[in-house]
Amino acid sequence: MTYKRVLVILLTILMFPLEGCWDRKELNQLGIAVAIGIDSAPNNQLKVTAQVVIPAQIAQNNSSKNVGSNVTLFEAVAPTLTEAIQMITEISPRRIYLGHIKMFILGEAFARKGIADVVETMVRAPQTRADYYVAVAKGRRAEEILQITTPLESIPANKLFTSLEASSEDWAPTIKITVDELMHNLLTNGRPVLTGIRIVGDYQEGIGDSPRNFETSKPATQLQFTGLAYFKKDRLIGWLDEVESRGYNYINNRVDQMVGHTDLPGGGRFGMHVLRTDTKVKVILDEGEPTFKVIVSIKGRITEVQKTSQNVRTSNNLRHLEKLASAKLAQLMKSSVESTRRRFKMDVFGFGQFVHEAYPKVWKSLEHEWDRVFMNAKIDYDVNVSIGKVGTLLGTFQDVMRE
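Mapping of the sequence shown onto the numbering used here: position 360 corresponds to residue 360, and the numbering continues sequentially without gaps.
You can take every hint at face value.
In the DSSO-like style, the derived pairs of lysine-lysine whose C-alpha atoms are separated by at most 27 Å in a straight line are:
#1 Lys-47 with Lys-113
#2 Lys-282 with Lys-232
#3 Lys-361 with Lys-233
#4 Lys-138 with Lys-47
#5 Lys-361 with Lys-282
#6 Lys-328 with Lys-345
#7 Lys-233 with Lys-345
#8 Lys-334 with Lys-138
#9 Lys-282 with Lys-364
#10 Lys-334 with Lys-293
#11 Lys-378 with Lys-282
#12 Lys-232 with Lys-138
#13 Lys-233 with Lys-378
#14 Lys-328 with Lys-307
#15 Lys-282 with Lys-328
#16 Lys-323 with Lys-378
#17 Lys-378 with Lys-364
#18 Lys-323 with Lys-280
#19 Lys-280 with Lys-233
#20 Lys-233 with Lys-176
#21 Lys-328 with Lys-176
#22 Lys-293 with Lys-323
#23 Lys-334 with Lys-280
#24 Lys-233 with Lys-47
For the record, the hints were derived by calculation from the structure and aren't laboratory data.
The whole structure should be built from the sequences, with the hints applied where relevant.
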């Protein structure tokens, strides 16, 4: 083997350890952003707020009884989202890394102007993953939401992420939407919605490491997910209240579990835990005009019975309770649709998407005037509640006490 060939092989072997990711950074060189907030700024600019983890503070809190926030906020104003994030590096001792974002918060005023540009930028960002949630600050700026600290979780963005997951799985008025799902919704015939988040209590007492938010059993300030923000194309145009938000989630088959109650005609009420739901929307053409049948099947169990002598374990009484619960849910969905029809004069619930999927040619002829057509569209509701578990007592606890 010639000297030159040996030299080439040796140089090739020595180059292997030099390979790697072109943009690789050591962890101690990065500022880990866990939440990003977007607000409007003067002169048609954006204000970006980044909630960034403080590693040294986490280590200190873990090794002592210190309490306080493990994050800091960095802010920048720029014409574009990308520029603002890069500008934050000028005031941050570390480069901001977006690969661990948990929450993306949009200020209400900003959302009313249009969100498509920043959503696309976040989806295309090479560092980010698409598993973080998006929410709208109700009546607030996003920066104000990110300034609030929480006593149970030293990283507020983590608390918001887990709270939204739990709320959307167990409480029907909220919904968890990831950024890629939001992008898809903006491009389809459905009407995009996002869960709202609001500040409850004294805003000033919740900022930073306020003692009243960390050292008392009742925090002065809390963040609460509430209602759904409704968009037309990419602009926020209004809010659904709790009842309308429940109706939206039931019709769109987005309810996992929830708890609720139904009043009894003779007084008293019973509570029910919804264990499983399944919703199908059937589109029926009536002389060329689409009508709808919303079919909902629910499995549940009775959680409590109040102020009634009914024995809920008898088959007749159980069937009666199922009918009452079915009627209540049907009325909830109907009132939700009618309320939004009156307020928004458009298809908030995305019934047009059901037409598009079932009858593409019909949809093509109706698409440009759909909101007008929908105002008079007939919608029927068929709800079947099945109660499978009622507990171990033969009657109510009060009945047993009276025996």
